[in-house]
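Q: Sequence:
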Amino acid sequence: MADRTVADRRELERALRAEVRGEVDFSPGARALTTMDASNYRRVPDGVVAPHDAADVAAALAVCRAHGVPVVPRGAGTSIAGQATGTGVVLDFTRRMRSVVSVDPAARTAVVQPGAVLDRLRDEAGRYGLTFGPDPSTHSRCTLGGMIGNNSCGSHSVAWGTTADNVHELSVVTYGGEALRLGKGWGPPGTGAAPGGAPGAAPGEGPGLTAAPIGTGAAPGGASGPTAVPNGLRELVADHLALLRTGFPGGLPRRISGYALDALLPENGTDVARAFCGSEGTLAVLTEATVRLVESPPARALALLGYADESAAAEAAAGLLPYRPLTVEGMADDLVPDAAGRGLPRGGAWLFVETGGATAAEARARAEEIVRGADALDGTVVTDPAGRRALWRVREDAAGTATRIPDGGGTPPGHAGRAPTRAAGSGGEAWPGWEDCAVPPARLGAYLRDFRALLAQHGLRGTPYGHFGDGCIHVRIDFDLLSGEGVRRFRAFSEDVAGLVVAHGGSLSGEHGDGLARAELLPRMYGDELVALFARFKDLWDPAGGLNPGVLARPARLDENLRFAVLPKRPVDVAFGYPHDGGDFSAAVRRCVGVAKCRVDGPAPGPEVMCPSYRATGEERHSTRGRARLLHEMLAGEVVTGGWRSREVHEALDLCLSCKGCRSDCPVGVDMATYKAEFLHHHYAGRPRPAAHYTMGWLPRWLRVAAPFAGALNAAARVGPLASLAKRLAGIAPERRIPRLATRTFTAWWRRNGSPGAPLVLWPDTFTEHLSPSVGRAAVRVLESAGLGVSLPPGRVCCGLTYVSTGQLDRARAVMRRTLDVMEPVLERGSPVVVLEPSCAAALRTDLPELLSGDPRARRLADSVTTFAAALEEHAPGWRPPRLDRPVAGQTHCHQHAVLGDAAERRLRQRAGLTGELSGGCCGLAGNFGFERGHYEVSVACAEDRLLPSVRAAAPGTVLLADGFSCRTQLDQLAGRRGRHLAEVLAEALAQGPAEGPAEGPAGEAQEGRDGGGAGPADGA
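In this text, residue positions in the sequence shown follow full-length UniProt numbering: the first is 1, and each later residue adds one.
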């Protein structure tokens, strides 16, 4: 399987298109998206196939076999050892073969396709009070095929075991074209005893190992023959009974490394399906699985136990197993900033011990029994579902947060004063590579002490956490994988720690598999004889070596194929400062480690925003991870060529809404909005831009020019042909209505009604100034009622956001410098600056200091920015807002969620009697995005994700809140409903008392002829 030429790839693509009904994509973009998984490794495929069904899988394998091309099955690409990467053809099961085929509650089984997402299965099973036991932290996006390939586990494995423990039957196709049904025994179901004297499955227990034609034109036997696998496996076991009985370490709940050949022993039920689990795509391609389900306790409680350090917690974990908990998870304080604020008990490390019961009282009683019986420094029990979810999120995000080892770099801009959503926005990079070893649980404390000593010996740092009850540890280590010396240290440490794990009776992998990271070291764990048997086992299934070569059998070296080797050795020239990445754009792009939290289908959970474009399209390239991968390949220049002029990167970033959701929701704080602005800045350097960049990108300037003619322009916008012409020339989507302009600006009103010289400075953003001055007037009314004097900046100011979002960064810096000149007297006084528009506040907090990192005034202004609610809370703590006692609906602005936080807003709403929660997600307008031609359908899909359903479900009399002007625009234009800023709601209550009846009328009703009655196309000033 030598390297293929461009002509070879074209011929392969042509042949696949002729035989496969699913998607065949050999484009640079598709290849770039699958070069990496969530590991340190990178292998470049020839192309990607998304098979339609099992027949498509067989057809694709036949074509690849004829061309001598390897094949790699791939699920969500969250593997941490490199086994979801490969050369040749990648079979992507997440596009089409992703169904939960059926659930049988009586038999407690489910039939799934390989691309079915775990949470989808759990939702379907949950209707019957059942669940699938294994639950990795990636449960919202990992696939059942990937879980079977890795033999995944998760936090509940102490109760429900590994994936292999929960698999009943598997349908697979070998590289040679043989379709097999795997279960227990060698023979067909119901035979009782199999040929050759090997015991088969008990009647009704499983299918044995049988040929299962799938109705394709491919030769059923292929290269290996129709009985090669069953006969060969039977002989392999018969010839090596002693080795199979003595060669595998015992007492290990989490032995994932190598092939599970001991499952084929007669005393273990000759379980071929179990032996297939954990084979990492090297034996055959899974096309369907029947899995076992378990009863899900109706009620759960969480016991939190605090210990002095991780070793103390680890030593205590095994002693909790007799209580039969559902989980025993451990982590230390270096992964949990603000532990007390997160509700964790006193200590330097914690165990998360979940219990279940038929009732809430029973679950709590079991948790309280554990707290009483545990030898812990402190303990508490949490039963509230929201509280438990928040605490589990700390654990689930650990794989991402552990990639940044705190170095005292401080809290990222925009995160001060709020509960952190990422553990370490700055700090040293840390990577997998020794991610998930496991030892007998009773030895875990001793192993951790030795492991810490070995880290120190090699001059490395890491943050262990994981499944303490199963003896399984996850850790990211600050390997230097960018230099030759660092890679040599990586290898030396890997070899030493493999010896340490084996000395403690452990497994090199306890969850994520061997892949490219550990397979080379399998002889240290199993010895040469058993590893040679692994190779023979592989050859029985895949004699041509066409499935995932370099993994498990005849492995690649662990220091080959590292993904960092292709990146530029020197920082590239960029406009933003990237202060949390040492000013290095490559380091910023490296933040994405592939955990794919951005690839979640369905509505965003809770208040989260990321990633609206992926949820709207379902395409990897429109996820945060997909875009980061394309940027990585752009910097590498091998697959994606053209550098900053890359068409593939531009197309992927085109549907990025710049919502900044990934800045807070991504465990490693990827900020794709900034990366997009950077890319557009370079992409269009010296070239004409789209019309929308000149119109909506320069919105502040054009609105100032238009202000004297607002009435005439509003009238013209109501004339259909004129409006259509204007939208066509301006690059605006034809489906959009042109917003009405205010006939009197906010500053014009201020000059007659304001009180200059007051200490609190109100920022007149472009939205408030030209499109909804009622928000500014309302804010003044409320702030003054709270005893706060309000003034405006001494001259014209602008946050520069519209220029930033369109990548016009030179212009943005010029606008920002002029603003800093104007604001200098305000900065000298130390006055707080109240910004009403969340996107403008976020731009001042983040974009301003990162674009003007050399100007100390930028940081001073960023630090002085506060929101309307935060200003009231900080500067008028004794003020009592008017009481409305009404429910609310609407949406927290995505930039507020990502950068500013909404804790003050929540408290203010509570004090005003505004009950209920605002939805998460993104409204979909996102400034200029939803107004640009070609974005309308995605914009609407984003609104339908969370915002519009929440508004439709709102009861009569509900107050519709939307502090962001884009959010109000979307409500107006898509739902015909009027959303209001919190300041407007409070000002109305001050003037009239609590309003009666519905909070909103027809779109723009209260604004007509005064503020313009509608929203604007750009989310900035």
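Treat the hints loosely; a few may be bogus.
Derived pair list, reagent style EDC-like, types lysine to aspartate or glutamate, alpha-carbon separation capped at 20 Å [what the hints assert, rightly or not]:
| id | residue 1 | residue 2 |
| --- | --- | --- |
| 1 | 569 | 480 |
| 2 | 569 | 584 |
| 3 | 727 | 937 |
| 4 | 569 | 559 |
| 5 | 569 | 638 |
| 6 | 569 | 485 |
Label-pair restraints from in silico Cβ distances [unchecked claim]:
| id | residue 1 | residue 2 | range |
| --- | --- | --- | --- |
| 7 | 587 | 21 | 40 to 46 Å |
| 8 | 651 | 728 | 21 to 27 Å |
| 9 | 389 | 688 | 44 to 50 Å |
| 10 | 941 | 856 | 41 to 47 Å |
| 11 | 716 | 758 | 36 to 42 Å |
Please keep in mind that the hints were generated in silico from the structure rather than gathered at the bench.
C-beta: ideal position from N, C-alpha, C; glycine also.
Q: Work down the list of hints and note, for each, if the structure agrees.
A: Here's how the hints hold up against the structure:
{"no.": "1", "hint": "569 with 480", "result": "holds, 13 Å"}
{"no.": "2", "hint": "569 with 584", "result": "holds, 11 Å"}
{"no.": "3", "hint": "727 with 937", "result": "holds, 17 Å"}
{"no.": "4", "hint": "569 with 559", "result": "holds, 18 Å"}
{"no.": "5", "hint": "569 with 638", "result": "holds, 15 Å"}
{"no.": "6", "hint": "569 with 485", "result": "holds, 14 Å"}
{"no.": "7", "hint": "587 with 21: 40 to 46 Å", "result": "holds, 43 Å"}
{"no.": "8", "hint": "651 with 728: 21 to 27 Å", "result": "holds, 22 Å"}
{"no.": "9", "hint": "389 with 688: 44 to 50 Å", "result": "holds, 49 Å"}
{"no.": "10", "hint": "941 with 856: 41 to 47 Å", "result": "holds, 43 Å"}
{"no.": "11", "hint": "716 with 758: 36 to 42 Å", "result": "holds, 39 Å"}
Every hint from the earlier list agrees with this structure, and none is contradicted.
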